[in-house]
Amino acid sequence: DAKTTQPPSMDCAEGRAANLPCNHSTISGNEYVYWYRQIHSQGPQYIIHGLKNNETNEMASLIITEDRKSSTLILPHATLRDTAVYYCIVRPDTSGTYKYIFGTGTRLKVLA
Amino acid sequence: EAQVTQNPRYLITVTGKKLTVTCSQNMNHEYMSWYRQDPGLGLRQIYYSMNVEVTDKGDVPEGYKVSRKEKRNFPLILESPSPNQTSLYFCASSLRFYSGNTIYFGEGSWLTVV
Chain A
1 DAKTTQPPSM
11 DCAEGRAANL
21 PCNHSTISGN
31 EYVYWYRQIH
41 SQGPQYIIHG
51 LKNNETNEMA
61 SLIITEDRKS
71 STLILPHATL
81 RDTAVYYCIV
91 RPDTSGTYKY
101 IFGTGTRLKV
111 LA
Chain B
113 EAQVTQNPRY
123 LITVTGKKLT
133 VTCSQNMNHE
143 YMSWYRQDPG
153 LGLRQIYYSM
163 NVEVTDKGDV
173 PEGYKVSRKE
183 KRNFPLILES
193 PSPNQTSLYF
203 CASSLRFYSG
213 NTIYFGEGSW
223 LTVV
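Heads up: the protein sequence lines correspond to chains A and B, in order.
Heads up: the first sequence begins at 1 in the numbering used here, then just goes up one per residue.
Heads up: the second sequence begins at 113 in the numbering used here, then just goes up one per residue.
Treat the hints loosely; a few may be bogus.
[As the list claims (entries may be wrong)] To give an idea of the chain A side of the interface with chain B (calculated C-beta under 8 Å), a few residues:
hint, residue
1, T5
2, C12
3, G15
4, G29
5, Y32
6, Q42
7, G43
8, Y46
9, Y98
10, K99
11, F102
12, T104
13, G105
Quick caveat, the hints were computed from the structure, so don't treat them as lab data.
Note that CB positions come from ideal geometry on N, CA and C, so glycine has one too.
When you get a sec, could you build the whole thing from the sequences and use the hints?
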């Protein structure tokens with residue numbers, strides 16, 4: 001069962017901020033939210049992760065709501081190379097279920 | 113450089129001919145996993161390993177075997193491949209399964225079974 005919900009696709013103008021939402025309403029207190037992206041059929045690439053606080057690195061920012069039921073990945077100045085499928089995942093909390101569940105992600109298209 | 117290396121990257125094989133896709137990581141990671149990716153179905157976990165000699169089934173284990181005799185290697189074995197195993201395969205690893213550890217993915221192995 002999918003643990004996260006993301007819009008299937010989004011467009012963003014080059015140079016503008018891309019804001020990708022993710023719903024994870026069943027997240028438990030000790031689960032992190034991870035974001036990955038996949039460009040064409042390459043291996044998924046780590047972007048960022050967080051637990052409660054907002055996080056920022058050289059690639060993106062992650063905003064997590066106070067109730068932790070949703071988050072937003074922000075690419076501050078999207079470029080054409082950011083066109084990819086973006087996955088939001090959380091680690092399932094079911095004991096003994098040691099797998100990361102990838103949904104179908106959001107296909108982001110950055111437009112020139 | 114931290115790496116997860118898969119081989120072969122591309123393979124066309126015939127039904128029933130046993131094959132092995134190797135996966136190796138150089139980060140001393142305990143947790144390793146195999147996924148397959150098919151159009152419209154996203155990434156689905158085949159098998160995972162929490163550590164040496166500890167493996168378990170994921171969501172789609174039928175037709176696959178794995179072994180974890182060394183920490184760095186986690187080969188995926190198709191004893192008798194069938195056309196429905198034509199897919200893009202990814203190996204992944206992380207220090208441990210627990211939250212907070214980054215997952216690293218290999219570049220993928222395209223497998224076609226005819």
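Which hint numbers does the structure go against, in order from smallest to largest?
Numbers 1, 2, 3, 4 - these are the hints that the structure violates, sorted from lowest upward.
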